[in-house]
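Based on the sequences and whatever the hints tell you, model everything.
For the sequence shown, position 249 matches number 249 in UniProt numbering, and the numbering has no gaps at all.
Derived from the structure by calculation, the hints contain no laboratory data.
Please read all numbers here as calculations on a predicted model, not as lab measurements.
Zero decoy hints are in this set.
In silico lysine-lysine, DSBU-like type, Cα no more than 30 Å apart, as pairs:
| # | residue 1 | residue 2 |
| --- | --- | --- |
| 1 | Lys-266 | Lys-319 |
| 2 | Lys-306 | Lys-271 |
| 3 | Lys-206 | Lys-157 |
| 4 | Lys-47 | Lys-206 |
| 5 | Lys-266 | Lys-306 |
Between beta-carbon pairs, the in silico distance windows are:
| # | residue 1 | residue 2 | range |
| --- | --- | --- | --- |
| 6 | Arg-328 | Glu-107 | 27 to 37 Å |
| 7 | Ser-176 | Ser-127 | 34 to 44 Å |
| 8 | Ala-26 | Lys-266 | 20 to 30 Å |
| 9 | Lys-313 | Ser-176 | 25 to 35 Å |
| 10 | Ala-185 | Glu-107 | 44 to 54 Å |
| 11 | Glu-209 | Val-272 | 21 to 31 Å |
| 12 | Pro-30 | Asp-75 | 22 to 32 Å |
| 13 | Pro-30 | Gln-166 | 28 to 38 Å |
| 14 | Thr-180 | Arg-328 | 16 to 26 Å |
Glycine included, every Cβ here is placed at the ideal spot set by N, Cα and C.
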Amino acid sequence: MGAVLYDPGALSDGLHETIGYKAGLAVSVPDLCDLLSGSPYPDILLKNEEHYVRLRSEDVVDLYYQALYKVGYTDEPFDGDTLGLFVLHKYADYPDELAGVTQLMLEWLPKMMDIAEKTGTKSMDPSPLLTEAYEKYGYAGFLIAYDRVNAMATGHKLNPFFSDHQPEWLDRLDLSELKTRSEQAPTHGSYFDQRFINFLANNSEKVGEMHWRRFEQLTAEFFHRAGFMVEIGAGGNDDGVDIRAWAEGAETADAPTCIVQCKRQKDKIDKVTVKGLAADVTYNGATYGVIVTSAELSVGAREVVKVRGYPIKEVNADKVATWLGILRAPGTGIVRV
1 MGAVLYDPGA
11 LSDGLHETIG
21 YKAGLAVSVP
31 DLCDLLSGSP
41 YPDILLKNEE
51 HYVRLRSEDV
61 VDLYYQALYK
71 VGYTDEPFDG
81 DTLGLFVLHK
91 YADYPDELAG
101 VTQLMLEWLP
111 KMMDIAEKTG
121 TKSMDPSPLL
131 TEAYEKYGYA
141 GFLIAYDRVN
151 AMATGHKLNP
161 FFSDHQPEWL
171 DRLDLSELKT
181 RSEQAPTHGS
191 YFDQRFINFL
201 ANNSEKVGEM
211 HWRRFEQLTA
221 EFFHRAGFMV
231 EIGAGGNDDG
241 VDIRAWAEGA
251 ETADAPTCIV
261 QCKRQKDKID
271 KVTVKGLAAD
281 VTYNGATYGV
291 IVTSAELSVG
301 AREVVKVRGY
311 PIKEVNADKV
321 ATWLGILRAP
331 GTGIVRV
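Right, dumping it as structure tokens:
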């Protein structure tokens, strides 16, 4: 492949534009460099702020692959296998199906391109290929065809050199706002914006860096998606109760189903916090309490819960990361407390 010469600032400008309309985020150059740490790209981006830089085309594509993953646009890193050759290893036990589907693709791709050109569309419909793969080679054949088509589509969608990309977000949310307090209702979410969820799902280590109020709002979004009616505290003088939540079908005039304490911190949760939550559960007449934390309960805190029989559940950093992965797609509502 060839190389691309970028004017000063042009490389980050292009990334900023693509990340904006694909992931709906505005990401500064310093933040982008932080996300891409461990790769050669931060030094290249910083150099390009004042100087021309020359990059091989394949490196440009890889930069976009990595950047779009780090901002939460894709749910896993894309390795550039746009032909889906990984199927040769994944389905090594199905040599006949692999050979058959490969031949089908050689036959169908020109047909699909011709149909797309004649109809004036910018996309190809793989349904006939998938149907024939299933009819001739069974479920394994269908999966092989699907994986290969999906790899091709993903590579096309992420490649900056294709010109037919369509905006997926019409507004942009500044990533830096994760670290600041806001009481403004999110544009895409009930308590916490979907774009922040997508970002944190791929960068769960950043949960501990967000503003504590944002962490409360994220937790409220979790419970809301799980079907609870949620009342979030004022974020200050709220008697220590961060969130009250009622199970689906319950009346908010009644006692809450659970009391939620949010702790965005590095230190482990101590016994005092657990005892305080237990008291809040009793005082509010709730069924149980939940501690949601970016850390975890200390050994002593867990022992207190066990010995005293406190109706308290722990959602630690690992569980928060799991929740974020589940909530990547908006409106899932399948979180389990």
